[in-house]
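Protein sequence lines, in the order shown, are assigned to chains H and F. Residue numbering for the first sequence follows the numbering used here, beginning at 1 and increasing consecutively. Residue numbering for the second sequence follows the numbering used here, beginning at 1001 and increasing consecutively.
FYI, nobody ran anything at the bench for these hints, they're computed from the structure. For clarity, every value in this text was computed on a predicted model and none was experimentally measured. Please note: incorrect hints may appear among the correct ones.
What the hints assert, rightly or not - If you want the footprint, here are the derived chain H segments under chain F, 3+ residues with CB under 8 Å:
id : region
1  : 47 to 61
2  : 217 to 230
3  : 246 to 257
Glycine included, C-beta positions come from ideal geometry on N, C-alpha and C.
Here is how the chains run, residue by residue.
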Amino acid sequence: MEGNKWGYSSNEDTSNDDDDVNLPNASDEEEDLHFTSHSLPKSQFRNIKSKARWNEEMGMAEVIEKNGKMWVSTGIVRSGKIYTSFEETLYFMELGALHLVDSENRSISIIEMYEKVSSRMTGCCWELFEAYRHLKSLGYIIGRHNFAWSLKSIRSSQKQVALEGTEESKQIVDMGSKVEHSISKLFGELKINELKPDFDIYLPDSRFRKSSPGDPNFLLYLSRGHLPSRAEIETLEKQCEGIPLKICLVTEGRVSFFSFDKVELPALP
Amino acid sequence: MAPRWKGKDAKSKKEAEAEALKEPMSKIISQLQSSLVQSNTCGFLSDNCVHLTVQAEQLDLLDKACFGRPVRIVEKDMYWFQLTVEEAFYLCYSLKCLKIKINVGADTGPLNDEELWHYFRSKKETFPYFYKAYSHLRMKNWVVRSGAQYGVDLIVYRHHPARVHSEYGVLVLSHDKDGDLNGRLRVWSDVHCTTRLLGGVAKTLLVLYVNKNGNNDESLLCLTNYTVEERTISRWSPEQCRERSI
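For reference, chain H alone in the conformation it holds in the complex:
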């Protein structure tokens, strides 16, 4: 008789056995106790050094000696030169892969960069750097949101032309020595508290090319101070043009990521 299989549906009877599933996130249970093992992805220290010159006005560094493969997926290209953002610069300095100097060829130490992190021109903040470091060390390819990897990529991607590229495209004309100016202008236009995604992120991919990066796999927004409201998430999503958005939270060095995805539960039979 079928009745046997049903049983009463009081919550006590039915729900308790929901509990004996294996905890899917049991693995990170211990993580915080031993920060040397898991909390930070392992970073490889490099022997070969590249060299870059920090430009205070731009809040970026110009790479002057390239060594190693990282430049395939790091830094933006403008008129044949590679410029690295604050987080890219500091990341490779921490790895010992980049030697940074100022305009007078004096070495800049990591400590000096730590001090710079929150200054307005870097367009960065400490938590954003931590998020960058976390993903970068896992091999993700990360660019500032809507910053073209190269000017070629502007032509290859309709999307970026529509957004910011037009402004940049105009500047291609009188490129030459003005390139630095155009980039710093790009930074200057960023308002500090403007609600917009922070990073364009691609999955680890050895075939990645700055000249044809394609659409990012997802966009990342760093939650600053408070949990974004539904309305704020919607504002962010509008700028994503269908690309998934992840929201990142950094608390005391611990980086966590969340998806707030619009769904539609199916109508069941």
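Using the hints, position chain F against chain H.
For chain F alone, kept in the frame of chain H given last:
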């Protein structure tokens, strides 16, 4: 997360799924509906719930459709059932198969939908939101139960809880002012807490944002203008998703 059908081994899980397919929830609910209509079932208000007495047939159907809970009273051939306000109003207003009186011995006829709406609203301030959320899920034939055990408002099953584990833990929020309903999801720690707890029991957090679209809740008429936005909130692990498409 894929549905987790219940059973000791893969074979009995398959069977549970097959049985659920053979007897979809919509069919069970329409059986319940016609059975309650035929027997002219009438419940009565008792504070913030509704009681009713039913025959063995309705007892079986209420259980299969997962409405309410039986109250154990020894009385021959009569079974007492207790419904939540949302369940009772759904049977009355949406399925039109239950009448409700103000008390057992009332000489007056059953209360109309509008009177019931006012009564439930006076008993539970959040009733308009919770009813919208409840009926939204029920209308899609999901089984809805209280989520109190998991620190959420509701939990939903794709069929009877005897056959399948619940897939979502639900929080009901207001679309306009986040968190003004139940104070939930105002801070990151609550997001961490809820996703972690639900993740531990293999459920996904589903948030239903109920939008009144500028209507007040004075009259039942405004209910049709309410809309619901569904969002899942889940943790994402960059360590595990390096190669998978997201």
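Consistency of the hints with the structure:
| no. | hint | result |
| --- | --- | --- |
| 1 | 47 to 61 | violated (count 0) |
| 2 | 217 to 230 | holds (count 7) |
| 3 | 246 to 257 | holds (count 5) |
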